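If you want the building blocks of each chain, they are given just below.
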Amino acid sequence: MAGAVESAPKRGRFAPYGLLSPGIIWLTLFFLVPVAILLRAALSDQPERFVPSDLDFTWKWSNFSDGLDRFGPQFLDALRNALIAAAIVAAITVAVFVARRDLWHRIRVRLVGALVAAFFATYIITSTIDGWGDHFQRSFLYAGIATLLCIAIGYPLAYVIAFRGGTYKNLLLGLVVVPFFTTYLIRTIAWQTILFDEGPVVGFLQDVGLFGDSDRLLATPGAVIGGLTYNFLPFMILPIYVSLEKIDRSLVDAARDLYSTPARAFQKVVLPLSLPGVFAGTLLTFIPASGDFINAELLGSPTTSMIGNVVQNQFLVQLDYPTAAALSFVLMAIITIAVLVYAKVLGTEDLTG
Amino acid sequence: MSKRSSSTSTRGLSRREFITRGAAAAGGLAAAPYLLGGSPAWGAAGAGADVGGKLDVLNWILYIDKKSKKDFSAQTGIKLKYSDGIDDNNTFFAKYQEQFANGDHIGFDIVMPTTWMAARLIELGYVQPLPFDLMENAGNLKSELQDPVWDPTGEFTLPWQTGYTGIAYNIEVTGREITSVEDLFDPEFKGKVGWLLEMRDSLTLAMLSTGMTREEIAAGVTFNDAKPAFDRLEDAAQSGQIRRFTGNSYQQQLLSGDFALNVAWSGDVGQLSLSEPNLRFVVPEEGANGFWADVMCMVATSDRNEQVAAWCDYFYDPVNAARVAAYTNYISPLADITDELAAVDPAASENPILFPPQDVLDRLVQFPLLDPDEEERFDERYAEITGA
Amino acid sequence: MTAVQDQPATVDAPASVEVQRAFPPPWLRRVGSWFLSLYAGLGLLYLFVPIAVIVAFSFNAEDSTYNIEWDGFTFDNWADPFAEQGLVDALVLSLKIAAIATAAAVVLGGLVALALTRYRFQGSGFVNLFLVLPLTTPEIVLGASLASLFIARTYPSPVPDSRGFDAVLIAHIMFCVSFVSLTVKARLRGFDWTLEDAAMDLGAGPVRTFLKVTFPLMIPGILAAALLSFALSLDDFIITLFNAGDQTTFPIYIYGAAQRAIPPQIQVLSSMILFASVAILVTGTLIGRRREAAATR
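Protein chains in written order, with the numbering used here: chain A, 1 to 353; chain B, 1001 to 1388; chain C, 2001 to 2297.
Chain A extracted, bound-state conformation (with noise of 0.2 Å):
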């Protein structure tokens, strides 16, 4: 625990019981039991269509298989997808650590197992529950490409402010907030004025000749990838800001001196301190992107459809609750299970920076 560092906290009896308990009792009444219900509801039965608050609990398994089914078998390309992310995944990992052999070589061993290991079983549930399984799948593939980018857009923004942004660090911070206060949707509505098929962006890019005639941006799986990296770039930037200011600069001057490459420098010090921030930034990243479903329904197609969108339409639109419940609990499992088995490797600690 980081308790040993920090200047003694005290040890209670009582008093910090009764400091949690209204924080935990309210999270424990609005979100662990609510995800009990909605659990329940998973396996129950819906007897009349329009009623969907009588519900009858049945331990009915059926919801899940059922509810899954509906889109014909896609097994290959779950497979396929799965098999994929993992090895990009596995890459990029393996390229990041791979010359280093001290205390880090023992963490990116158990890292690489556990992004595998996480990869494998969203692969194994996703597989098995094929008909939306291509949804699911969507969902990671696409959260997973968008939680790339915003690492890669994101990281050397982070960098540039925690390390020269000097006096103005405060003020440039504010500035990668700021777009934040105007509201999601309006931001992706104002997205769809900027790609579409007469607008700017495209007639620009068939001019130089990049684009075709038919060639489109909105209504495209990048269009909807890059809804998701643009909507949630400050969950990304924010963690490894912290974790980068956290730093010692000593720590880096003396990198500088005996590694002579600030490239240098910076993969053996300021990368593996900073890995925190990034692993705590790729959760908030990727996991509301990989439910969400504003992007998917205001810039994407028919064919970019995510498992947001399955969940919204069959709560909201068709009023299914125990599918809608069925497929929001699989989704929450294969995140839960990830999540748990990050915090496993790195500590909770460090989850939120």
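Derived by calculation from the structure, the hints in this document are not laboratory data.
These numbers were taken from a predicted model, which means no experiment stands behind them.
It is possible that part of the hints are untrue.
Stated by the list, open to error - Here are the computed lysine to aspartate or glutamate pairs in the EDC-like style, where the Cα-Cα straight-line distance is at most 16 Å:
hint, chain 1, residue 1, chain 2, residue 2
1, B, K1081, C, D2089
2, B, K1081, C, E2292
3, B, K1190, B, E1144
4, B, K1227, B, D1084
5, B, K1190, A, D257
6, C, K2212, C, E2196
7, B, K1066, B, D1084
8, B, K1066, C, E2084
9, B, K1081, C, E2084
10, A, K169, C, E2084
To be verified - Cβ pair distances, simulated, as ranges:
hint, chain 1, residue 1, chain 2, residue 2, range
11, C, G2086, B, S1275, 20 to 30 Å
12, C, E2292, B, K1069, 52 to 62 Å
13, B, T1338, A, E198, 37 to 47 Å
14, A, T28, B, K1054, 34 to 44 Å
15, A, L258, C, Y2046, 32 to 42 Å
To be verified - Quick look at which bits of chain B chain C covers, simulated, 3 or more residues with Cβ under 8 Å:
hint, segment
16, 1167-1178
17, 1239-1253
18, 1310-1322
Don't be surprised by glycine CBs; every beta carbon is placed ideally from N, CA and C.
Keeping the supplied structure of chain A fixed, place chains B and C upon it in accordance with the hints.
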């Protein structure tokens, strides 16, 4: 207040008097605070203000002109809260189902779903019979609409507007006239085609494209009948032929050029083509869904009989109905408003979208009511295809 | 970064250090550094692309119901920012929910953070994990599960038995508690608790100690957390949509408008919120710098 509306209000006087004779005095009392609040329009309307009270109406977007709302309040003394919150029948139902089922008041007295949804509301007991006994103008309803299948006893609904479905296209983007359902599947327009989330409109076109005849559709549709149509739609969606399934928002994509052509509702395109001459509307040679209707229903928990009756009466007055029809470009459910429409908006009275010629009328087929047990299979299958 | 591949693996050998030191010449480092800043600048610019569009379209003289094409510049929309009654109602509702949810979450979450940093006790690891879970659960699952709770009428009153204002409030407090406690906890970590003991030794009672010593030290963390949860609540769409019933919050209004017609007032109000937050940010930075300057003097 303009000249025309003051003359309408004077015309409304006698009718209003008649209504209020049957109305409870409480209605008039409830108007008192509002009277004191005194809108400037008030004086002009004068003694027409004798119903009073409040009325909350929920309708679709762009379904009424501003003037009618103001004039209605001025004439009747009813404080109107009008929301254009319906985007889609299914989401409308889902949004209020819980309150309906609990017997809570949803905050509206009148809602205007499409006929098939109205049938469901009636079946579930969420709406009550309209106060026809307090109305004077209900008899102006077209005779064709007087024995509705969605409302077998005829007590629960009164149509607001009727219309038909067809294909809207942007001639600049398509480069040619559109005549057939097959154009929606033409690879030339791959990724530029929009369909409606409203299943009955899309499905009618898809079924006609898979060889069903209008007579077969009119006689009743089972899930098996619709299967080939669903499959064809699914192929088109999966292959990328269909760009999106939308509600009213297709107008935006039609204007921006994202859609070259799409399944559309008649009145919308009538409204849009006023400012965008490149937009056209056609009922394909195979046929399309029509006439459908959005109907006024009174929610079961409302006790504002007088106000609801006043609303229905106001909009079943030919002059007022003509003004709304001229604005919406949909087709009024009133028997004959040609003269009134010509007075309000001469151009509208010659608009073929409002007055479809006989050959178009012959191509329309009304999508039948679905068996409630089968409806769920239809909805589920359609949800799979639309990618929701 | 390309230099990395060219490096020999024998980093620890002192001889190679000289070789490496010579390799990227200073000018290349400068170019590399310049390029990095440029890349980061472009990243920041990317964040503002849609924002620019929103602000620009708030000045659009739209001639159709759809505010999507540029039809000319006008101040009309700004002259009448509250023209759409439904939009104004929705914004007011959202601000109200955000304010109440933030106030409640700051109290609940602040206490949790205090307990976690101030004391060592059995089960603190579990509490830490528990606080993270709502953040690592997709919003759609949170929304669906809370909605099931209200629909199933699980709790006796005063917990509402249907969706609506109270349900949205409960949901927002729930996820804000997590954010607040984690943010405050991060700020309190490494905090010098001996100050409290000193105050006690000097004869201050526990309440006085809390008010005079502990609380003032918590204030920056609490402010940051409050700002964060206010923003999150104001912007939340998915959880709210599942639990709003017939309530229309600002995001839900915009969602509806996206299906129909987007009045330019949406862009105007969004721009106003944006400008207000920029103003707060700049003022905050200026005050912070002045304080810093005063402190170093």
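Now the hints, each set against the structure:
1. Distance hint between K1081/B and D2089/C is fulfilled; the C-alpha atoms sit about 13 Å from each other, no more than 16 Å.
2. Between K1081/B and E2292/C the alpha-carbon distance is near 54 Å, which puts this suggested pair outside the 16 Å criterion.
3. At roughly 39 Å between alpha-carbon atoms, K1190/B and E1144/B are farther apart than 16 Å, so this suggested pair is violated.
4. Under the criterion of a C-alpha separation no larger than 16 Å, the hint pairing K1227/B with D1084/B is inconsistent with the structure, at around 35 Å.
5. Distance hint between K1190/B and D257/A is unfulfilled; the C-alpha atoms sit about 60 Å from each other, more than 16 Å.
6. Taken as a hint, the K2212/C and E2196/C pair is honoured in the structure, with Cα atoms around 9 Å apart against an allowance of 16 Å.
7. Distance restraint check for K1066/B and D1084/B: the Cα-Cα separation of roughly 12 Å lies within the 16 Å cut-off, and the hinted pair is therefore satisfied.
8. Straight-line distance between C-alpha atoms of K1066/B and E2084/C comes to about 13 Å, which keeps the hinted pair within the 16 Å bound.
9. The straight-line distance between the Cα atoms of K1081/B and E2084/C is roughly 13 Å, inside the 16 Å bound, and the hint therefore holds.
10. Among the hinted pairs, K169/A with E2084/C is inconsistent with the structure: their alpha-carbon atoms are about 39 Å apart, more than 16 Å.
11. Separated by about 24 Å at the C-beta atoms, G2086/C and S1275/B satisfy the suggested range of 20 to 30 Å.
12. In this structure, E2292/C and K1069/B meet the distance hint of 52 to 62 Å, their C-beta atoms being roughly 57 Å apart.
13. At roughly 39 Å, the beta carbons of T1338/B and E198/A sit within the given window of 37 to 47 Å.
14. The hint said 34 to 44 Å for the Cβ distance between T28/A and K1054/B, and at roughly 43 Å that hint holds.
15. About 35 Å separates the C-beta atoms of L258/A and Y2046/C, a value consistent with the hinted range of 32 to 42 Å.
16. Here the segment 1167-1178 of chain B counts 0 residues with a CB under 8 Å from a CB of chain C, which misses the bar of 3, and the coverage is violated.
17. Proximity of the segment 1239-1253 of chain B to chain C, defined as three or more residues with a beta carbon under 8 Å from a beta carbon of that chain, is established by the 6 residues found.
18. Residues of the segment 1310-1322 of chain B with a Cβ under 8 Å from some Cβ of chain C number 0, which does not satisfy the need for three, so the listed coverage is violated.
The structure is inconsistent with the numbered hints 2, 3, 4, 5, 10, 16, 18, although it conforms to all the rest.
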